[in-house]
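So you can see what is in the structure, the chains are spelled out below.
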Amino acid sequence: EDQVTQSPEALRLQEGESSSLNCSYTVSGLRGLFWYRQDPGKGPEFLFTLYSAGEEKEKERLKATLTKKESFLHITAPKPEDSATYLCAVQAFGRGSTLGRLYFGRGTQLTVWP
Amino acid sequence: DGGITQSPKYLFRKEGQNVTLSCEQNLNHDAMYWYRQDPGQGLRLIYYSQIVNDFQKGDIAEGYSVSREKKESFPLTVTSAQKNPTAFYLCASSTDRERAQYFGPGTRLLVL
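Chains A and B supply the protein sequences, listed in that same order. Using our numbering, read the first sequence as starting at 3 and increasing by one per residue. Using our numbering, read the second sequence as starting at 31 and increasing by one per residue.
To be clear, the hints were calculated from the coordinates, so they are not data collected in a lab. Note that the structure is predicted; figures quoted are calculated from it, not measured. It is possible that part of the hints are untrue.
[Unchecked claim] With beta-carbon atoms standing in for the labels, derived distance ranges:
#1 N24/A / D60/B: 44 to 54 Å
#2 T109/B / A79/A: 43 to 53 Å
#3 N83/B / T78/A: 41 to 51 Å
#4 Q71/B / A55/A: 26 to 36 Å
#5 S103/B / E17/A: 42 to 52 Å
#6 T78/A / Y40/B: 31 to 41 Å
#7 E83/A / N83/B: 38 to 48 Å
#8 P82/A / Q71/B: 19 to 29 Å
#9 E47/A / D60/B: 15 to 25 Å
#10 S21/A / T109/B: 40 to 50 Å
#11 Q86/B / S30/A: 35 to 45 Å
All residues carry an ideal CB built from backbone N, CA and C; glycine is no exception.
Based on the provided sequences and hints, a complete structural model is requested.
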């Protein structure tokens, strides 16, 4: 069964303290891995798509990387406005109607304090 | 501006009542999805639709129903058979080419 596990569940950082969030996955053929940011009471906001091992994507203080078994979301010199829940999702190669659906992890709740 | 809209933002359901959540997109996306989010849990897929007039059950479809009569619209009905409907409901859409799903702002359903 396909699974996505995110760690840690919660992370508290001081402003400027860099760290990484982990997303490990087990799927039978990765079609894509997706990172989202979700603020309280809001819908998830799309950040990155990664398609193959070795790929990296960057956006401001965020950098996402991908290996064959996991992805990391690196946060460099975070600011309080980076506080949010970060969700990871994977899409597997499938057939027919299953193609396209995402499997989500439970998320990492990041708090950055000044 | 292109995007996904969900309404209402808050919805209150009385016991035994069916309620319908609206989801509209003007992104020209073929696929649309409904998720349920509960505190401490990941997003769980309720129903999804790859094309008009076709949809599939997700992992927790019991007590819910959908329709896809237009490409832009994918309403979700929470029926009286859903015994624990209190949750945050999220609608999303995607294209096969881009693959990422884009989400609406969500509807919070509460039971009176």
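For this session: Identify every previously stated hint that the structure contradicts and give their numbers, smallest first.
Result: Those not satisfied are hints 1 and 11.
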